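Engineer: Read off the chains here:
There are 2 protein chains.
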Amino acid sequence: MTTTVIVGGVAGGMSTATRLRRRDEKMEIIVVEASGYVSFANCGLPYYLGDVIEDRDELLLQSPESLKARFNLDVRVNTRASDIDRAAQTIALTNTLTGERVTQAYDHLVLSPGAAPVTPNIPGIEKAHTLRTVEDVDRITAALAGMETAALIGGGFIGLELAENLAHRGIDVTVLEFSEQIMAPLDPEMAIYVQRHLENNGVTVLTGADTVNITDKQVELRDGRVIPADLVVAAIGVRPASELAAEAGLEVGERGGIVVDDAQRTSDPAIFALGDAAEKRDAVSGDATLVPLAQTANRHGRLIADVITGRKTTSQKTLGTAIVGVFGLQAASVGWSEKRARAAERDIRVIHLHPQDHAGYYPGSSQIHLKLVVDAADDAILGAQVVGEAGADKRIDVIATAMRGGLTASDLADLELAYAPQFGSAKDPVNMAGFIADNLANGEKTAQYHEVEQAVADGWTLVDVRSEGEFARGTIPGAVNIPVDDLHGRMDELADQKVLAFCRVGQRGHVAVSLLENSGVEAANLDGGYLTWSAVNIH
Amino acid sequence: MTTTVIVGGVAGGMSTATRLRRRDEKMEIIVVEASGYVSFANCGLPYYLGDVIEDRDELLLQSPESLKARFNLDVRVNTRASDIDRAAQTIALTNTLTGERVTQAYDHLVLSPGAAPVTPNIPGIEKAHTLRTVEDVDRITAALAGMETAALIGGGFIGLELAENLAHRGIDVTVLEFSEQIMAPLDPEMAIYVQRHLENNGVTVLTGADTVNITDKQVELRDGRVIPADLVVAAIGVRPASELAAEAGLEVGERGGIVVDDAQRTSDPAIFALGDAAEKRDAVSGDATLVPLAQTANRHGRLIADVITGRKTTSQKTLGTAIVGVFGLQAASVGWSEKRARAAERDIRVIHLHPQDHAGYYPGSSQIHLKLVVDAADDAILGAQVVGEAGADKRIDVIATAMRGGLTASDLADLELAYAPQFGSAKDPVNMAGFIADNLANGEKTAQYHEVEQAVADGWTLVDVRSEGEFARGTIPGAVNIPVDDLHGRMDELADQKVLAFCRVGQRGHVAVSLLENSGVEAANLDGGYLTWSAVNIH
Numbered sequence: 008m009t010t011t012v013i014v015g016g017v018a019g020g021m022s023t024a025t026r027l028r029r030r031d032e033k034m035e036i037i038v039v040e041a042s043g044y045v046s047f048a049n050c051g052l053p054y055y056l057g058d059v060i061e062d063r064d065e066l067l068l069q070s071p072e073s074l075k076a077r078f079n080l081d082v083r084v085n086t087r088a089s090d091i092d093r094a095a096q097t098i099a100l101t102n103t104l105t106g107e108r109v110t111q112a113y114d115h116l117v118l119s120p121g122a123a124p125v126t127p128n129i130p131g132i133e134k135a136h137t138l139r140t141v142e143d144v145d146r147i148t149a150a151l152a153g154m155e156t157a158a159l160i161g162g163g164f165i166g167l168e169l170a171e172n173l174a175h176r177g178i179d180v181t182v183l184e185f186s187e188q189i190m191a192p193l194d195p196e197m198a199i200y201v202q203r204h205l206e207n208n209g210v211t212v213l214t215g216a217d218t219v220n221i222t223d224k225q226v227e228l229r230d231g232r233v234i235p236a237d238l239v240v241a242a243i244g245v246r247p248a249s250e251l252a253a254e255a256g257l258e259v260g261e262r263g264g265i266v267v268d269d270a271q272r273t274s275d276p277a278i279f280a281l282g283d284a285a286e287k288r289d290a291v292s293g294d295a296t297l298v299p300l301a302q303t304a305n306r307h308g309r310l311i312a313d314v315i316t317g318r319k320t321t322s323q324k325t326l327g328t329a330i331v332g333v334f335g336l337q338a339a340s341v342g343w344s345e346k347r348a349r350a351a352e353r354d355i356r357v358i359h360l361h362p363q364d365h366a367g368y369y370p371g372s373s374q375i376h377l378k379l380v381v382d383a384a385d386d387a388i389l390g391a392q393v394v395g396e397a398g399a400d401k402r403i404d405v406i407a408t409a410m411r412g413g414l415t416a417s418d419l420a421d422l423e424l425a426y427a428p429q430f431g432s433a434k435d436p437v438n439m440a441g442f443i444a445d446n447l448a449n450g451e452k453t454a455q456y457h458e459v460e461q462a463v464a465d466g467w468t469l470v471d472v473r474s475e476g477e478f479a480r481g482t483i484p485g486a487v488n489i490p491v492d493d494l495h496g497r498m499d500e501l502a503d504q505k506v507l508a509f510c511r512v513g514q515r516g517h518v519a520v521s522l523l524e525n526s527g528v529e530a531a532n533l534d535g536g537y538l539t540w541s542a543v544n545i546h
Numbered sequence: 008m009t010t011t012v013i014v015g016g017v018a019g020g021m022s023t024a025t026r027l028r029r030r031d032e033k034m035e036i037i038v039v040e041a042s043g044y045v046s047f048a049n050c051g052l053p054y055y056l057g058d059v060i061e062d063r064d065e066l067l068l069q070s071p072e073s074l075k076a077r078f079n080l081d082v083r084v085n086t087r088a089s090d091i092d093r094a095a096q097t098i099a100l101t102n103t104l105t106g107e108r109v110t111q112a113y114d115h116l117v118l119s120p121g122a123a124p125v126t127p128n129i130p131g132i133e134k135a136h137t138l139r140t141v142e143d144v145d146r147i148t149a150a151l152a153g154m155e156t157a158a159l160i161g162g163g164f165i166g167l168e169l170a171e172n173l174a175h176r177g178i179d180v181t182v183l184e185f186s187e188q189i190m191a192p193l194d195p196e197m198a199i200y201v202q203r204h205l206e207n208n209g210v211t212v213l214t215g216a217d218t219v220n221i222t223d224k225q226v227e228l229r230d231g232r233v234i235p236a237d238l239v240v241a242a243i244g245v246r247p248a249s250e251l252a253a254e255a256g257l258e259v260g261e262r263g264g265i266v267v268d269d270a271q272r273t274s275d276p277a278i279f280a281l282g283d284a285a286e287k288r289d290a291v292s293g294d295a296t297l298v299p300l301a302q303t304a305n306r307h308g309r310l311i312a313d314v315i316t317g318r319k320t321t322s323q324k325t326l327g328t329a330i331v332g333v334f335g336l337q338a339a340s341v342g343w344s345e346k347r348a349r350a351a352e353r354d355i356r357v358i359h360l361h362p363q364d365h366a367g368y369y370p371g372s373s374q375i376h377l378k379l380v381v382d383a384a385d386d387a388i389l390g391a392q393v394v395g396e397a398g399a400d401k402r403i404d405v406i407a408t409a410m411r412g413g414l415t416a417s418d419l420a421d422l423e424l425a426y427a428p429q430f431g432s433a434k435d436p437v438n439m440a441g442f443i444a445d446n447l448a449n450g451e452k453t454a455q456y457h458e459v460e461q462a463v464a465d466g467w468t469l470v471d472v473r474s475e476g477e478f479a480r481g482t483i484p485g486a487v488n489i490p491v492d493d494l495h496g497r498m499d500e501l502a503d504q505k506v507l508a509f510c511r512v513g514q515r516g517h518v519a520v521s522l523l524e525n526s527g528v529e530a531a532n533l534d535g536g537y538l539t540w541s542a543v544n545i546h
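Taken in sequence, the protein lines are chains A and B.
Under this note's numbering, the residues of the first sequence are numbered 8 to 546, in order.
Under this note's numbering, the residues of the second sequence are numbered 8 to 546, in order.
I should point out that these hints are in silico values taken from the structure, not numbers from a laboratory.
Note that the structure is predicted; figures quoted are calculated from it, not measured.
Every clue listed holds true.
Just so you know, same-sequence chains aren't split out, so a pair can sit in one copy or run between any two.
Taking lysine-lysine pairs in the DSBU-like style, the calculated list, with each CA pair at most 30 Å apart, reads:
1. Lys319 x Lys33
2. Lys346 x Lys452
3. Lys33 x Lys75
4. Lys346 x Lys505
5. Lys75 x Lys452
6. Lys134 x Lys224
7. Lys324 x Lys346
8. Lys75 x Lys319
Whenever a hint applies, use it, and build me the whole structure from the sequences.
Structural biologist: See the structure below:
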């Protein structure tokens with residue numbers, strides 16, 4: 008009989024344990040968890056705070072008792088792991104309530120300790136809560152009574168979910184984001200939709216907000232602003248909990264993640280690692296990356312159990328697909344953003360579109376903002392971002408699947424997606440993205456919203472091809488108005504000019520550019536149209 | 008200057024025309040449409056009948072005038088095409104209102120006339136309506152006043168959409184389906200969920216219903232039953248409108264579709280065909296097939312325009328992805344059903360699962376019924392079916408994309424799908440299907456619901472591994488109850504037996520089978536559990 012010790016009893020650790028038991032009836036399987044709970048719904052914690060999940064028991068998916076009965080697992084909560092002796096293959100396990108310490112031998116050791124919240128070096132930071140465990144949520148819940156204001160340091164996924172949920176509790180919430188945009192995985196012109204939506208729902212969002220002091224009832228920013236805050240939560244991000252691994256001399260990467268091979272083995276072949284504590288390999292670049300997502304942890308847990316029980320299998324590179332919902336708006340991303348691709352100096356094509364989530368003639372449709380980042384060399388999909396009230400989740404999942412399947416951006420045109428007017432369009436938003444990618448791959452020229460100013464300076468004529476009414480309600484400074492349907496008759500006005508055309512979303516602009524180019528006028532279309540330009544430029 | 012004549016002005020024809028214009032500013036483009044309307048929302052017609060789409064103008068996406076202004080198209084409605092002279096490259100165009108007939112020369116001819124409703128040879132069938140055009144919907148709307156009962160002949164997509172919409176109008180609806188199940192693209196144990204849902208919403212569904220006579224106020228069935236029907240609509244299906252092509256001597260396939268190559272060219276290289284009138288190539292078998300879907304028509308329209316204007320491109324084989332929504336239930340399918348695969352004598356593996364559409368701990372989740380048909384030889388996904396109140400559209404789109412990308416069924420385990428508790432699970436239903444596929448590919452044995460009786464006859468012991476309470480509320484006849492958590496202690500009861508285990512959905516059954524097999528007991532899991540078995544066997 009062999010023994011496997013698993014450090015960490017949430018997503019990755021528990022997936023390893025249960026799969027191990029299904030593969031091996033005899034193995035001794037010990038799971039140790041530092042907190043008091045295993046297999047809890049960590050992604051549900053903000054929603055319990057917001058009373059969306061009303062029953063605390065809903066968060067507790069399994070208990071040591073239920074796991075013993077079903078899977079014959081030896082699950083030990085409130086137990087800290089330390090002092091791995093790799094030569095002897097032992098690990099020390101200490102009960103944090105009783106202080107009792109045992110030295111446990113293992114044949115295989117699996118490290119799934121997760122990540123720890125990053126706590127910035129700010130005076131008073133000890134007053135700030137973090138949200139990672141059931142104990143954390145209990146502490147915040149206990150503190151909430153009578154609180155009227157909250158400051159959330161960090162405008163990432165957890166920060167935004169907290170903002171929504173605290174607002175649900177009637178608390179006046181301010182999100183403090185150090186950088187110039189919230190939601191780092193998105194590009195700024197996409198993140199702005201989320202910020203506006205938060206603001207429309209009563210949440211104050213401050214970007215470029217550098218917190219310098221936290222006192223009992225307020226947070227002070229470097230620029231002198233003072234934010235009232237009965238409650239402060241730091242949600243800046245997480246760092247891999249790799250201390251145990253590092254102390255044992257296991258290889259740890261630059262960004263603190265435990266280094267593993269494609270069988271999730273650490274530099275010690277008897278020790279595996281997974282989840283938020285371990286490095287992943289990025290699907291776009293192949294480089295090491297940190298992606299703290301439950302799906303990957305679960306998947307790798309199953310994989311490790313298979314490897315330990317003798318099945319050859321290898322892990323996939325990670326796309327980092329993620330989504331957040333705030334006040335009914337969905338924001339999702341997969342792969343690389345434009346800024347990440349540009350930082351890596353990739354030659355890219357960028358596509359913005361703003362279709363309806365389902366056929367406009369069927370009631371209740373809402374607008375989707377979809378962005379695609381494409382490798383200019385081979386039309387590969389590098390990443391996508393989708394924001395909308397409905398159907399963003401579906402489109403990001405479809406694109407993530409296309410990326411996994413190695414489809415090109417133009418191939419998206421050919422996807423056969425289920426269409427009835429409640430669910431999509433005969434040309435689905437993802438198909439439309441593919442059509443545009445195909446046009447670009449075949450030489451159609453577009454300009455990005457941030458290139459307009461330079462284009463005008465370079466002598467391009469900015470032509471608003473929307474209707475006169477739309478033009479009158481607001482346009483890009485310097486634009487002349489020639490509605491697309493008038494373009495045939497007014498072509499002579501544009502002879503010998505270079506035309507940067509735009510409409511509301513890009514479709515009429517595409518028609519105009521086709522007409523102009525086919526008539527011998529050099530023309531480019533403003534990608535994403537006035538909507539994308541104004542998202543950034545109209546406040 | 009060249010001339011292209013396009014016969015048919017809805018999805019495929021109009022996509023061809025507008026793309027042609029974007030590619031060629033000079034070409035003469037003539038679109039002729041037999042009905043009075045072009046570019047109308049044919050998938051919206053049932054919803055206009057049901058007052059879900061309230062404004063008739065919403066159905067009319069474009070007009071000849073708007074298409075002239077935007078794309079300089081010569082669009083002629085109420086115009087019948089006939090008498091193609093392939094040698095002379097001319098076609099006769101007759102205005103059906105004035106009788107005026109012209110002979111029009113073409114360089115390229117594009118046939119996109121669509122399909123015609125199948126009208127069965129039943130006495131009184133001339134009293135039945137069909138639903139295909141705006142004129143059809145106007146006729147039914149005009150007839151509806153005072154009507155209290157309706158019989159819909161045909162339980163396919165259009166029939167079910169009509170059932171919902173007529174019920175919305177307060178009409179007592181009976182669906183008459185000739186075969187033993189509604190929704191032919193689904194297998195019977197999946198279609199039954201849709202049938203029950205219709206029945207729960209007040210629609211009468213009669214399968215095995217052979218209509219033999221239609222009179223003014225009723226429909227008579229072969230078995231003698233008489234169905235009251237102020238309104239009768241025949242929605243049995245469609246046949247390709249390929250007469251014009253056939254008369255011109257173009258090759259037409261066995262099932263009536265115009266034969267085309269992968270550039271959508273007919274047997275005459277100057278003539279193209281697409282849409283419901285043309286054959287497609289099936290993605291699973293490569294054989295000719297008929298798939299009357301708007302998405303494919305639009306895609307092929309673009310492709311034909313590209314080919315005519317000199318760009319080399321080829322069409323993809325079709326997966327036939329489709330979805331219908333009825334009374335809030337979604338039913339979707341892609342690729343082949345089990346019955347189709349078995350009819351083709353493919354060696355397959357079949358997977359049923361019943362996960363929640365999003366994390367159960369987050370409010371509002373609902374159950375999804377997901378079926379996967381897998382090639383036993385190479386783990387290829389042959390098809391999928393998904394039925395549920397939410398998220399069926401997303402899962403079928405993901406699987407359709409995986410099929411297009413050539414992913415195997417086991418690869419579905421590795422898809423990184425966007426997870427937050429409102430939108431999915433850390434193990435998404437599609438991932439779960441992949442896990443099960445991976446288990447089956449690695450030798451785990453399952454039995455299908457229709458194999459239980461034979462298995463028991465062959466000496467397998469049927470073990471219900473659910474709780475005693477679940478067992479008491481109903482089980483499969485002959486089953487003994489050993490709850491999965493008791494199995495360790497009661498293993499000796501099963502020594503030397505072959506065990507067919509089952510639980511509610513298949514998960515506990517999987518744990519039980521793992522335990523039994525690892526303990527040396529031959530065991531198989533009932534795929535889809537008691538839920539799939541009872542869908543068919545409990546009425």
